[in-house]
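Asks: As a plain string of letters, each chain reads:
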Amino acid sequence: MNAQRDRSRLASRGVQIAFVVVLIAAWWIGTTVGKISPILLPNPRNVFDELVDVIWTLEFVGDLRVTLTELAIAFAISSISGVTLGYLISRSQYSMRVFEPLLAGIYSVPIILFLPLYILFFGLGPASKIALGVTTSFFPIILNTIAGFGYVERIFVMSARSMGASEYQLFRFVLLPAAAPIILSGLRIGFTVALLSILGSETIASLAGLGHRIVHLAEGMDTARMFAYIAFAVAIALMLNTVTSALEAKARRR
Amino acid sequence: MNMQLRDEHRVTMAAGDLSIRVRNISHQFGEEGDPQFVRAMLETSLDIRRGELMCLIGPSGCGKSTLLNIIGGLLTPTSGKVLVGDTEVRGPLPQKIAYVFQENALFPWSTVIENVNLGMMFQGVPRAEREPRARQSLAAVGLSDFADHYPGQLSGGMRQRAALARALSLETGILLMDEPFGALDEQTRMVLGEDLSVLLSRTQKTIVFVTHSLGEAVYLADRVAVFSARPGTIKEVIAIEEPHPRKPSFMTSEKFTQLRNTLFALLHEEIRKAMEQSAASDRVAGRKGGPA
Chain L
14 MNAQRDRSRL ASRGVQIAFV VVLIAAWWIG TTVGKISPIL LPNPRNVFDE
64 LVDVIWTLEF VGDLRVTLTE LAIAFAISSI SGVTLGYLIS RSQYSMRVFE
114 PLLAGIYSVP IILFLPLYIL FFGLGPASKI ALGVTTSFFP IILNTIAGFG
164 YVERIFVMSA RSMGASEYQL FRFVLLPAAA PIILSGLRIG FTVALLSILG
214 SETIASLAGL GHRIVHLAEG MDTARMFAYI AFAVAIALML NTVTSALEAK
264 ARRR
Chain Y
29 MNMQLRDEHR VTMAAGDLSI RVRNISHQFG EEGDPQFVRA MLETSLDIRR
79 GELMCLIGPS GCGKSTLLNI IGGLLTPTSG KVLVGDTEVR GPLPQKIAYV
129 FQENALFPWS TVIENVNLGM MFQGVPRAER EPRARQSLAA VGLSDFADHY
179 PGQLSGGMRQ RAALARALSL ETGILLMDEP FGALDEQTRM VLGEDLSVLL
229 SRTQKTIVFV THSLGEAVYL ADRVAVFSAR PGTIKEVIAI EEPHPRKPSF
279 MTSEKFTQLR NTLFALLHEE IRKAMEQSAA SDRVAGRKGG PA
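Here the protein sequences come in this chain order: L and Y. So the numbering used here is basically just the index in the first sequence, starting at one, shifted up by 13. So the numbering used here is basically just the index in the second sequence, starting at one, shifted up by 28.
Warning: the hint list may mix true and false statements.
Unchecked claim - Within a straight-line C-alpha distance of at most 25 Å, the following computed SDA-like cross-link-like pairs (lysine to any residue) qualify:
1. K124(Y) with R174(L)
2. K109(Y) with I168(L)
3. K283(Y) with G79(Y)
4. K301(Y) with V66(Y)
5. K124(Y) with V170(L)
6. K263(L) with P136(Y)
7. K124(Y) with E159(Y)
8. K263(L) with Y178(Y)
9. K263(L) with S138(Y)
10. K109(Y) with P120(Y)
11. K263(L) with E142(Y)
12. K124(Y) with K48(L)
13. K124(Y) with L128(L)
14. K301(Y) with P120(Y)
15. K109(Y) with K263(L)
16. K124(Y) with V35(L)
17. K109(Y) with V35(L)
18. K48(L) with G27(L)
19. K124(Y) with G177(L)
20. K124(Y) with D62(L)
21. K263(L) with H177(Y)
22. K124(Y) with Q164(Y)
23. K109(Y) with K124(Y)
24. K263(L) with P194(L)
25. K124(Y) with L251(L)
26. K263(L) with V66(Y)
27. K109(Y) with G177(L)
28. K263(L) with N145(Y)
29. K275(Y) with K301(Y)
30. K124(Y) with P194(L)
31. K124(Y) with K263(L)
32. K263(L) with A244(L)
33. K263(L) with Q151(Y)
34. K275(Y) with K263(Y)
35. K263(Y) with V110(Y)
36. K48(L) with D62(L)
Unchecked claim - Derived contacts from chain L toward chain Y, CB cut-off under 8 Å, selection only:
37. L130
38. F134
39. I168
40. M171
FYI, nobody ran anything at the bench for these hints, they're computed from the structure. Glycine is no exception: its CB is placed at the ideal position from the N, C-alpha and C atoms.
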C-alpha cells in the first residue's frame, strides 16, 4: 500500500523533472540549431555562466539587501498593524459588521494602481516600495485576523468562562490558539503578496533592488545576465516561501 | 473503571438539604415583536437535593438547556433567581459548578491532559496539584493511556469521557451535563451511561443532566423533571427509586419499562405541541428548522 503510493509519487515527480528537462532542451535547441536572436532569448549555457558570475562576484548583494530590507520593513508594519487592528475590530460584533465588508471591498481593488501616487508622495527610493508592500499585505492579514478571532466557536469561550477563566486567560489559552492557524495563513499570504508587489514596483520605477537590476539589464540588452537575475530572484522567492510555509506548518501542528 | 475520588455510597438526603433552588425563572430571547422573539421559559421553579442526579427531559426547544445555562450562570434569566447553597447565581461559579457540554468543548489544540490542566488553571488550582489531579481524573474515566492524545485523535465517546474528566478534576459539588452523550451512537451512550452511573454513585456530587433520551433519564436519574413545550415549565417530577450503581439488568426490568412509559405518556402530548409550534414559526419566518 505504502510502496504503491511511494511509487506513484515517484512517477509523478519523474514526469515533473522530465517536463523541465524537455523545456530546457527545447530552449537549448531553439537557441543553437534554431535562429532565435540571443538578444531575445540567450542560450541557457550563457545564462548559467552569467548566474555563476553574479553569485561568485557577490554582485547581487547590494540589490538583494535593498529588496529584502523593503520587504522586512513592509511586512513588519503590515503584520503588526494588521493583527492589532484586526484583533480590536473582532472585539465587537458591531465593528466587525462595519469594517469587515469595508476592508474586503478595498482588498479587491488592484492596489498596484496606487504606485504612481506613492512615488509622488515618497519618491523613487525604497519608501514607495515599502508603502506598496504594506498596502497589499495589510488586507489579507487584517481580514484573516478578524476571521480568526471573530469566529472562535462559542462553546470554547463558554466552557472556559464556566471554569473561571480570566480575560487574559481567555485570550492567551482560548482565543489565541483558536485563531492562530487562520492568522498564520493570513501572514503567509501577506508575505507572498508583499514580496510580489515590491519586486514588481522595483521594475516599474526605482533606484535599486532586484527588480530594478532586471529592468536595467533589459534596457542594456544584456539579456543573458537579466535571465540570470530573474532565475536568482525566483530562487530567493521560492526559498522565502518555503521557509514561511514551513513556519506556518510548524506553528499549526496539532 | 476505578474511581479514587471518594468511595462512599450515594445516600438519600433529607428533603430539606437542597443544593440548587430554582425560583420562578422566566426567560425570553429577543424583545416582544421581534421576528426572533422566543419565550423560552415561564415561571419555572425546581428544587434539586444535595447528591441527587436530576434529569431534565422535554421536547426540543422547551428550554431545558436554557435552564441549565441559567443554573450555571452562563445566562442571566429575564426574571426569577437561582440559589446555589445560599448564593444567588449571578455569573459562573467555577468553585461550585462544573460543566460537561453536549458538543465537544475540549480545546482541539491541546492534548487531553493539557485540557484537564487548563481547566484547573482557570479555576485557580495551584500548579503543583494539577498534574496528580489530572492523572487521577483521567484514570477515573479510563483514559490514562490517552493523556497525550489530541481530542481529534479520539472517538466521540472518548472525547466526552475526557470532557467528564476535566469536569471531575475541578472537584466541584455540582456537575451540570448538557446532553453529554447526545451526539453519540446508541451503543456507546449505553455503555457510557453505565460507566457514569458507577462513577457517580461513588461521589457525592449533585448532578443536573439534560437529555432527550427517555431510557437514559430512567437509567441515570434519581428524579426526572419533565418539561412542557415552549414556553417551558416543569410539568411533573418523577422519582426513580432504584439504588446506584444501576446494573444493565435494570434496563430490561418491568419497573424500567413502566417508568419509561410513564415518561413517554407525559412527554408525548408536549412533543406534538412543540412540533406544531416549530412548524408554525417556520411558516411565519419562512425558514427551515426551528430553534434547537
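Asks: If a hint holds in the structure, say so; if it does not, say that too.
Replies: Consistency of the hints with the structure:
no., hint, in the structure
1, K124(Y) with R174(L), "holds (13 Å)"
2, K109(Y) with I168(L), "holds (24 Å)"
3, K283(Y) with G79(Y), "holds (23 Å)"
4, K301(Y) with V66(Y), "holds (15 Å)"
5, K124(Y) with V170(L), "holds (19 Å)"
6, K263(L) with P136(Y), "holds (16 Å)"
7, K124(Y) with E159(Y), "holds (21 Å)"
8, K263(L) with Y178(Y), "holds (16 Å)"
9, K263(L) with S138(Y), "holds (15 Å)"
10, K109(Y) with P120(Y), "holds (14 Å)"
11, K263(L) with E142(Y), "holds (19 Å)"
12, K124(Y) with K48(L), "violated (87 Å)"
13, K124(Y) with L128(L), "violated (61 Å)"
14, K301(Y) with P120(Y), "violated (33 Å)"
15, K109(Y) with K263(L), "violated (49 Å)"
16, K124(Y) with V35(L), "violated (72 Å)"
17, K109(Y) with V35(L), "violated (79 Å)"
18, K48(L) with G27(L), "violated (31 Å)"
19, K124(Y) with G177(L), "holds (11 Å)"
20, K124(Y) with D62(L), "violated (76 Å)"
21, K263(L) with H177(Y), "holds (18 Å)"
22, K124(Y) with Q164(Y), "holds (20 Å)"
23, K109(Y) with K124(Y), "holds (17 Å)"
24, K263(L) with P194(L), "holds (10 Å)"
25, K124(Y) with L251(L), "violated (56 Å)"
26, K263(L) with V66(Y), "violated (46 Å)"
27, K109(Y) with G177(L), "holds (21 Å)"
28, K263(L) with N145(Y), "holds (24 Å)"
29, K275(Y) with K301(Y), "violated (35 Å)"
30, K124(Y) with P194(L), "violated (34 Å)"
31, K124(Y) with K263(L), "violated (39 Å)"
32, K263(L) with A244(L), "violated (28 Å)"
33, K263(L) with Q151(Y), "violated (30 Å)"
34, K275(Y) with K263(Y), "violated (29 Å)"
35, K263(Y) with V110(Y), "holds (19 Å)"
36, K48(L) with D62(L), "holds (21 Å)"
37, L130, "violated (42 Å)"
38, F134, "violated (43 Å)"
39, I168, "holds (5 Å)"
40, M171, "holds (6 Å)"
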